[in-house]
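So the protein lines, in turn, are chains C and U.
Going letter by letter, the first sequence gives residues 1 to 197 in our numbering.
Going letter by letter, the second sequence gives residues 1001 to 1314 in our numbering.
What the hints contain is simulated information worked out from the structure, not anything from laboratory work.
Given the structure is predicted, the values throughout are model-derived calculations rather than measurements.
Hints are not guaranteed to be accurate.
Simulated coverage check for chain C against chain U, where a stretch passes if three residues somewhere in it have a Cβ under 8 Å from a Cβ of chain U [stated by the list, open to error]:
{"id": "1", "segment": "42-54"}
{"id": "2", "segment": "180-189"}
Computed cross-link-like contacts, DSS-like style, restricted to lysine-lysine with a CA-CA straight-line distance of at most 27 Å [claimed, not checked]:
{"id": "3", "chain 1": "U", "residue 1": "Lys1034", "chain 2": "U", "residue 2": "Lys1231"}
{"id": "4", "chain 1": "C", "residue 1": "Lys48", "chain 2": "C", "residue 2": "Lys96"}
{"id": "5", "chain 1": "C", "residue 1": "Lys48", "chain 2": "U", "residue 2": "Lys1282"}
{"id": "6", "chain 1": "C", "residue 1": "Lys48", "chain 2": "U", "residue 2": "Lys1231"}
{"id": "7", "chain 1": "C", "residue 1": "Lys48", "chain 2": "C", "residue 2": "Lys34"}
{"id": "8", "chain 1": "C", "residue 1": "Lys96", "chain 2": "U", "residue 2": "Lys1231"}
{"id": "9", "chain 1": "C", "residue 1": "Lys34", "chain 2": "U", "residue 2": "Lys1282"}
{"id": "10", "chain 1": "C", "residue 1": "Lys96", "chain 2": "C", "residue 2": "Lys34"}
Virtual Cβ for every residue (Gly too), placed ideally from N, Cα, C.
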Amino acid sequence: MNTKRNTKRIFAGVAAIGLASAALAHTGATGIVKERMVAMSAMGDAVKEISPMMSGEADYDAAAVREAAEVIGMHAGETMTRLFPEDNENEASYVKDAIWEDWETFAELAERLHSYSEGLALAAENGLGSSQDGMADAGAMMGGGDMMGSGSMMGGGMMADATMGREELAEMPADAVFAMVSDTCSSCHTRFRTEAK
Amino acid sequence: MRQVLIAGTVGLTLIVGTVAATLAAWPIGREPAKIQLTGDVQRGAYLARASGCIACHTNFEDGGAPLAGGAPLVTDFGTFYPPNITTDPEHGIGGWNVEQFAMAVRQGIAPDGHAYYPAFTYPFYADFSDQDIADLWAAFQTVAPVAESAPSHEVGFPFDQRWGLKLWRAAYLDDPQTEPVEGRSDVWNRGRELVRGATHCGACHTGRNLAGGRIANAVFAGNDALPGGNKAPSILPDVLAERGWTVANLSYALQSGVTPSGDVFGGSMGEVVQYGTRYLSKDDLRAMAVYLLDSELPEEEGMAALPVSQPIYD
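Start from the sequences, fold in the hints, and give me the full structure.
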């Protein structure tokens, strides 16, 4: 069944690539597809603004981080999901059919992005954590000894519990919360975005 | 030239059955010496992450158990199902010994002597030390057994003829070149070891010929025909630099998935980061970036640029 689904996905993907390159991304898109490209770009710009601060390349600026987090939050959750109606306009976009086949996961990721970005806004004042090896130290790698035991590490690439509340996030270092934000982006892109442009 | 000859040979053997019989008897691989080192579970788990064992042999999207078998890999040769490599003695590798494991990982040969398809990236692991193998083995022992086999590969004729893999090995199985280069920094050499070895960047970012062999002078030049219809951009140093990658933002991208343009990886690279590189130490990620931005060019430079359209992450 997996193969069948994959094959279907490939066909859909190839079709999407063809059409997308014909439409030439941002310039060719219209209507709701264009609307969501604009929204995604706005989030991308926000990420671009603060990721060098998180990696230590740029000086940390709490206000900028809060602002960027608010931009991301503004485009997350239902604001995002309502931009993905299942209709033929999608032919000129990078979205995979999987998004409608697994709408629950998409909606959950969009909602998660919303709460994580709210958490990031709250955590902005905390600055960067001291850990030099985010995931690699703290025995977090494999849940303290046993290689692949702990469910949370293996569950779809999520770094932390999806149910983590805002209060908890507000206590965390900003870079750790930002990592949760970007992981959410990546999980969603991995599942639902055609990569080839 | 050698490749043309080999290709010709493949064609002929399809007709001449006797040659096939000879090939079937052609021994491959070298029996490894006894490995009696004590493995370190943490080091092994780290290496398993870096090497993509977990990423490939776990079907995350369908909620599969760790290492119980991965998502199918749809290729031009057929569909490959990464097998169950949990400790189950019957359906996994619980019945193996460490020497058999070493042979599988470093040489791509199963305990029963048959050659693995190169969908398994064993050519990159050829230089793993006995200690690496012992560490991996120790880590694999901590995996819960899953009593279910992954589906068999669905490969059509002639690729279902396993003896053909012996020809493939003769033609394309090359040294991964992970050993240190004199005169280069320790960081660069560590990066080389990871990039050309465990993390096997070249498996996706290098074009392949019709037989699925990596094209030697197209190393890192990109590949627009990945399994599942994905594309991998060139990661040659000048291309990376031109696209705004630096040691700092490249190592950060391998840790976080965030690119300098503010985009976040999806597709196969998203999986690579989520299930692999983000677990690596910052020192190792930095080493990978240092090497990638300064990697050796293929020998025949003029051939390096394949007509691969470059996916743009910006």
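Structure-based check of all given hints:
For a cut-off of 8 Å, the count of residues in the segment 42-54 of chain C with a CB near a CB of chain U stands at 10, and the three-residue condition holds. Counting residues of the segment 180-189 of chain C whose beta carbon lies closer than 8 Å to any beta carbon of chain U gives 7, which reaches the threshold of three, so the coverage claim holds. A hinted pair counts as satisfied when its Cα atoms are at most 27 Å apart, and Lys1034 of chain U with Lys1231 of chain U does not qualify at roughly 41 Å. Straight-line distance between C-alpha atoms of Lys48 of chain C and Lys96 of chain C comes to about 25 Å, which keeps the hinted pair within the 27 Å bound.
The hinted pair formed by Lys48 of chain C and Lys1282 of chain U meets the criterion: a straight-line CA distance of about 20 Å does not exceed 27 Å. At roughly 24 Å between alpha-carbon atoms, Lys48 of chain C and Lys1231 of chain U fall within 27 Å of each other, so this suggested pair holds. Restraint check: the Cα-Cα separation between Lys48 of chain C and Lys34 of chain C comes to about 20 Å, which is no more than 27 Å; the hinted pair holds. Among the hinted pairs, Lys96 of chain C with Lys1231 of chain U is consistent with the structure: their alpha-carbon atoms are about 15 Å apart, no more than 27 Å.
Note on Lys34 of chain C and Lys1282 of chain U: the hinted pairing is violated, with a Cα-Cα distance of about 38 Å set against a maximum of 27 Å. With a CA separation close to 16 Å, the supplied pair Lys96 of chain C and Lys34 of chain C stays within the 27 Å bound.
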